[in-house]
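K.L.:
Go ahead and model the full structure; you've got the sequences and the hints to work with.
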Amino acid sequence: DAGVIQSPRHEVTEMGQEVTLRCKPISGHDYLFWYRQTMMRGLELLIYFNNNVPIDDSGMPEDRFSAKMPNASFSTLKIQPSEPRDSAVYFCASQGYGNTIYFGEGSWLTVV
Amino acid sequence: EDQVTQSPEALRLQEGESSSLNCSYTVSGLRGLFWYRQDPGKGPEFLFTLYSAGEEKEKERLKATLTKKESFLHITAPKPEDSATYLCAVQAKNTDKLIFGTGTRLQVFP
Chain A
1 DAGVIQSPRH EVTEMGQEVT LRCKPISGHD YLFWYRQTMM RGLELLIYFN
51 NNVPIDDSGM PEDRFSAKMP NASFSTLKIQ PSEPRDSAVY FCASQGYGNT
101 IYFGEGSWLT VV
Chain B
1 EDQVTQSPEA LRLQEGESSS LNCSYTVSGL RGLFWYRQDP GKGPEFLFTL
51 YSAGEEKEKE RLKATLTKKE SFLHITAPKP EDSATYLCAV QAKNTDKLIF
101 GTGTRLQVFP
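Chains as they are written, first to last, in my numbering: chain A, 1 to 112; chain B, 1 to 110.
BS3-like mimics (lysine-lysine), calculated; alpha carbons at most 25 Å apart, straight line:
1) 57(B) with 93(B)
2) 24(A) with 42(B)
3) 78(A) with 42(B)
4) 59(B) with 69(B)
5) 68(B) with 57(B)
Keep in mind the hints are simulated off the structure, nothing from the lab.
P.N.:
Quick look at the structure:
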């Protein structure tokens with residue numbers, strides 16, 4: 001099993017630019033989560049999907065953030081426009097039958 | 001509000017020196033308590049899930065226990081390769097999301 005696959009692994013962008021982070025969940029998993037990790041706040045849930053439908057987006061910080069899941073094997077998290085305070089590690093995770101949530105390796109975002 | 005508090009924030013151990021990490025939680029009906037290990041530059045790696053008070057699980061030098069208010073991760077005779085950040089998370093009965101603590105950063109010296 002390839003695990004949860006995220007891209008890009010690292011991104012450096014200028015303030016105001018659009019950033020798109022991508023995720024391929026584990027095949028057969030019907031839940032997909034987007035988390036953000038910072039030193040100050042730890043791991044925070046941004047949004048999660050069940051069967052491609054957004055269930056809880058209460059953690060999305062602002063309208064600048066949006067997430068989509070057009071099919072069971074792909075999701076995107078978009079930030080437009082990006083700001084320096086968005087710099088963090090963004091993790092995608094998926095869950096299938098049972099309660100275990102598996103994480104990807106993360107996308108390290110730096111906004112300068 | 002569901003909440004997870006981990007202590008200590010950081011722990012330095014000599015190789016072979018056993019210790020415990022604490023995870024205190026408040027949740028509106030516990031569905032599961034999870035322990036993850038995170039290495040620098042990596043995503044969290046699943047270790048254990050505990051579902052009810054009194055439950056225990058073991059994996060190599062690690063043993064996780066659960067009460068109605070807290071969980072402990074006991075590390076017996078740790079080795080340098082056990083150095084990592086250990087994260088605790090809870091899942092409430094009315095949701096699918098995990099609420100994480102801020103972690104304990106463990107360093108084991110030879």
